[in-house]
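Now for the letters of each chain:
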Amino acid sequence: MRIVIGEDLFLLREGLVRLLTAHGFEIAAAVGSAPELLQALTEQRPDVGIVDVRLPPTHTDDGLRAALAARKQVPGLPVLVLSQYVEQLYARELLADQAGGVGYLLKDRVFNDEAFTAAIRGVAAGGTVLDPEVVQKLIVRRSRDEPVARLTPREREVLALMAEGRSNAAIAQRMFITEKAVSKHAAGIFGKLDLAPSDDDNRRVLAVLAYLGS
Amino acid sequence: MYFVFMAALLGGTAFVLVRGKGLARPSPAGLRGRIRAAGWGLLLIPAAVMAATMSGRAHALAVAELAVAAALVLGAPRLAARLVPYAVIALGILGLVLAVKYHDGFTRSVLYGIVPAGGWETWRDQLVLPEAGLFFALGLWLLLKVNAPGAGPVRALIARWRDPARGRISPALGLLLIPVTVMTELLLGPRYWFGLQFPEVATIVLADAAIATASLVLLFRSRIWAATVAEAALLVLGAYGLAIAAFYPDVPGFVYGFTPLDTMHHVAFAGALQGTALVGLGLWLAPRVLREHQGSAELAERASQLTERVQTLTQTRSVAVDTAAAELRRIERDLHDGAQARMVAVGMSLQAAERLFTSNPQAALALVAEAKESSSRALTELRDLVRGIYPPVLADRGLGDAIRALALDAPLPVTVDADLPDNVELPVASAVYFSVAEALANTTKHADARSVQINLSHRGGMLRAAVTDDGVGGADSARGTGLAGVERRLATFDGILAVSSPPGGPTIVVIEVPCASSSAKTSSC
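Protein chains in written order, with the numbering used here: chain A, 1 to 214; chain B, 1 to 525.
Simulated from the structure, these hints should not be mistaken for laboratory data. Treat each hint with caution, since some may be false.
Stated by the list, open to error - Within a straight-line C-alpha distance of at most 25 Å, the following computed DSS-like cross-link-like pairs (lysine-lysine) qualify:
(1) A/137 x A/107
(2) A/192 x A/137
(3) A/180 x A/192
(4) A/137 x B/372
(5) A/137 x B/445
(6) B/372 x A/107
Since this is a predicted model, take the numbers as computed values, not measurements.
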């Protein structure tokens, strides 16, 4: 699996390269600024781009903007955005094109390399992986008028785990229920959110998007 | 011969006037400077000739003067050039002396300039005074032109005369107080009091000294008030003069201005001419004096405003300094007890793991997992700390998006409507962000609201944030410490907080801050 890395801090960039190489990923390019990143993403067309939100030249959200620009040029280009902090605002912007293949994680999730590589593979496969911290904020929210409010607590729990990018099997394991029950909950969620039956992955993305309340 | 020299003087002056714009001012050094200075100095010769001619055509003296002038021009051209204005002014003084002599009955014919004046009755004598005036003017002009010693004070006088604030009274007009008090003293002082002459000279001197001192004290204490008193006195004295002219016959012993009131003729003159002149001068001064007072009243008001401003700034600055210090203390403590302590724990876990690596790999692995956990927690704490110092999204996206992010994180539906300029100053943006965050937190905690609306706008250099909820109301910034803290935080930026929260709601919290903080920095919105 080919990967492009955009990270300006040398230590972190090299750490990521070492970690991912060790797990058998192929590093197509590892760059340190937003313009280079945009070029690498659009020219190399990697299976996943791993992007730091804050990059030169302005050291604000240049990385995020580069990722969004790249996805505009190459629709659905899988991008996993890493950051020292997570904002629902950015999560929404990443998911807004509804094309999936988006990840948004705190940088310290790299510590858990199994979960991290799973997230990379999930994003590469077109899934949506949101940081538990973002999802946590979603759960806190008391949305009364939104369609999400119609979900049962159980369904909400399933949707939260879905947003974190977990598969039905992983959700079943986590919630101590059968995979079949998870599928049933998922169907309930899709129904209540008025998501027409189509590609299951896409419906998962849309459900998460609805969850974000956009 | 004489006319040749006079023609040389006038011609030379004319030449200098036409050509010599750049000739003057500190003469350049070197040969050119010498030649130029010599050119100016040449004017000394006709002046000397004229002076010599006036002193009764004494030829020996004329020769001596000419010789001195020529020697100066050749030997010390710069000195000669500097002497020229004084020579011309001296000619003017000679003219004055001549005019006075004619009035005294002096009849000998003398050539003055182009006027061969002689005898009291000759019409040509009348030309001496104007000519003398011309010489004075020419002398002064030359003084400035060649920058001779004494040019500085003359320039200063001219500058003072040309008051830049035209139409406004110059405080120097307070000097009028002196002639006015002198005149008052002459008219009403103890010297003459309704025909009674005061006998004791000592009393008069004492009274004069007292009046002069009072005038001077007033003049130095407040020139505006000196001018005011002078102006009022002018009006009173003028009216008095007019009254004398209208009602009083001759009053021997009294003096009005320049005129003793001894004959009807003088009384009429004093009243009609001097009284009118004084009233006229007083009326001319009146609006200017009034304007000056108005100006000083404005100044006084401005001064009191500034004093108030300084008090406010002193107060808010001390609050800002205290807040910043407390904030730094909090950050230090958070780092010390939080992230720093956790990093120590990470180091210790790793060190223990290193020791157990070969003997007990299982335990070592557990310790490494613990270290990972600790570093994760440290990161979380650092993240929270950074958010409290300066939210990253505010740095990345500015105030509008930062408030939107804040709204998204709120546990109840919040709509944000932002119309903001791009260049809100960072400190102002930060203050508004934390104020809105506090207001929103209060709403979430106390208001039991279903939804919140945040409006951000800017108008007339003010940034306005309104947080409106549909909750239970009854909020009071005086009771809670939160809103009071917001108020203090905003005061540093001349911002204000207003809370409208009737029981039953809705609660509206309005924050207004000038876009540019009151430092030397500028920003526009």
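*Starting from residue 137 of chain A, check that the Cα of residue 107 of chain A is at most 25 Å away, please.*
holds (18 Å)
_Restraint status (C-alpha distance of residue 137 of chain A to residue 372 of chain B at most 25 Å)_ = holds (24 Å)
_Straight-line alpha-carbon gap residue 192 of chain A to residue 137 of chain A, limit 25 Å_ = Cα-Cα ~21 Å, so holds.
_Given pair status - residue 107 of chain A, residue 372 of chain B, alpha carbons within 25 Å_ = holds (13 Å)
*Distance restraint between residue 137 of chain A and residue 445 of chain B, which requires alpha-carbon spacing of 25 Å or less*: Judged against 25 Å, a Cα distance of about 16 Å means the pair holds.
*asked:* Check whether the Cα positions of residue 180 of chain A and residue 192 of chain A lie no farther apart than 25 Å.
replied: With a Cα-Cα distance of about 18 Å, the restraint between residue 180 of chain A and residue 192 of chain A holds, given a limit of 25 Å.
When the structure is compared with the earlier hints, no violation turns up for any of them.
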